[in-house]
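K.L.:
Read off the chains here:
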Amino acid sequence: MVYVTRKIEFSASHRYHNPALSPEDNRRLFGKCNNPHGHGHNYTLEVTIAGEPDPVTGMVLDLKELKQILEREIMERMDHRFLNYEVAELAGQIPTCENVARVIWNLLQPKIPQGGLYRVRLYESADLFADCYGNGARGRA
Amino acid sequence: MTDETLYPEPFVQLGRRYHFAASHRLHSPQLSAADNFRIYGKCNNPYGHGHNYTVEVRFSGAIDPATGMIANLADLDAFVDEHVLSPFDHRSLQEEVPAFQEAVPTTENLCVEIFKRLRLFPTAKLEAVRVEETSNNSFEYAGNEQGMTP
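Residue numbers (the numbering used here), protein chains in the order written: chain A, 1 to 141; chain B, 1001 to 1150.
FYI, nobody ran anything at the bench for these hints, they're computed from the structure.
The C-beta atom is built at its ideal place from N, Cα and C for all residues, glycine as well.
Treat each hint with caution, since some may be false.
When the alpha-carbon atoms are kept at most 30 angstroms apart in a straight line, the in silico BS3-like pairs for lysine-lysine are as follows [stated by the list, open to error]:
(1) A:K32 with B:K1125
(2) A:K7 with A:K67
(3) A:K111 with A:K64
(4) A:K7 with A:K64
(5) B:K1125 with A:K7
Covered by chain A, per the in silico footprint, the following chain B stretches (three or more residues, Cβ under 8 angstroms) [what the hints assert, rightly or not]:
(6) 1010-1016
(7) 1038-1046
(8) 1068-1077
Here chain A stands alone, though its shape is the one from the complex (with noise of 0.2 angstroms):
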């Protein structure tokens, strides 16, 4: 098995709030995050795709195809965008790190041939990020 990550990077704004809570509690469980104007990031999505290369191209797939499936997946719904208000699978969520790769692994799931997506990372910042893994596998480095 070989594992091919290709990396994109994009720019959002986001806010923590859960309208099911007080503004108080809010500005206690969120802090800053739950500034009414938002705040953005510079994202850095890291996709793994597992496979065997192909006998005859020498490739696990086809990583222009796979740019182009980035492209229109995750740079046009989510690039320069504010997550809560303009990307309707998070609405009615809170925009997390955790829950925006959980978001990018169902949009890129479907896209690519059964069993091939391995990890989808999505750094938020240098320090923080999120990992998703198909459903019961744990994580590899």
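Fit chain B to the known structure of chain A by using the hints.
P.N.:
Chain B only, in chain A's frame:
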């Protein structure tokens, strides 16, 4: 949205990186002075030397629908600060951390010691600890469970 049965929800981990600086000396009392120098080389310098360590931790758990989080970052940061950063930062590992009066403070052993401390975090499950001793050397420990990264 995706079909739940065809495309089940992923297994999600939260990753966080922390930084501290500390000194250490690699020296085993079970070895002769000559063997210590032969095995550890520069790292056996009696006065010690230091590194800027980066600790990467990964936790799993259910994403709380009220917060969108596996673990509250303020709680996690406070726990890591209390149990790892405060006791290790700007310290001599073998002089000031009891575990390294027994074990040689290699970064392998440091990784295991940090794992032991952070597995006690109450609200999420520790999956792995990876320590970068320098940007060129890193070590990862995920407990001894089957299927984990060696």
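K.L.:
Taking the hints in turn, state whether each one holds.
P.N.:
Here is what the structure says about each hint:
no.: 1; hint: A:K32 with B:K1125; result: 26 angstroms, holds
no.: 2; hint: A:K7 with A:K67; result: 9 angstroms, holds
no.: 3; hint: A:K111 with A:K64; result: 14 angstroms, holds
no.: 4; hint: A:K7 with A:K64; result: 13 angstroms, holds
no.: 5; hint: B:K1125 with A:K7; result: 27 angstroms, holds
no.: 6; hint: 1010-1016; result: holds (count 7)
no.: 7; hint: 1038-1046; result: violated (count 0)
no.: 8; hint: 1068-1077; result: holds (count 6)
Hint violations for this structure: number 7 only, all remaining hints satisfied.
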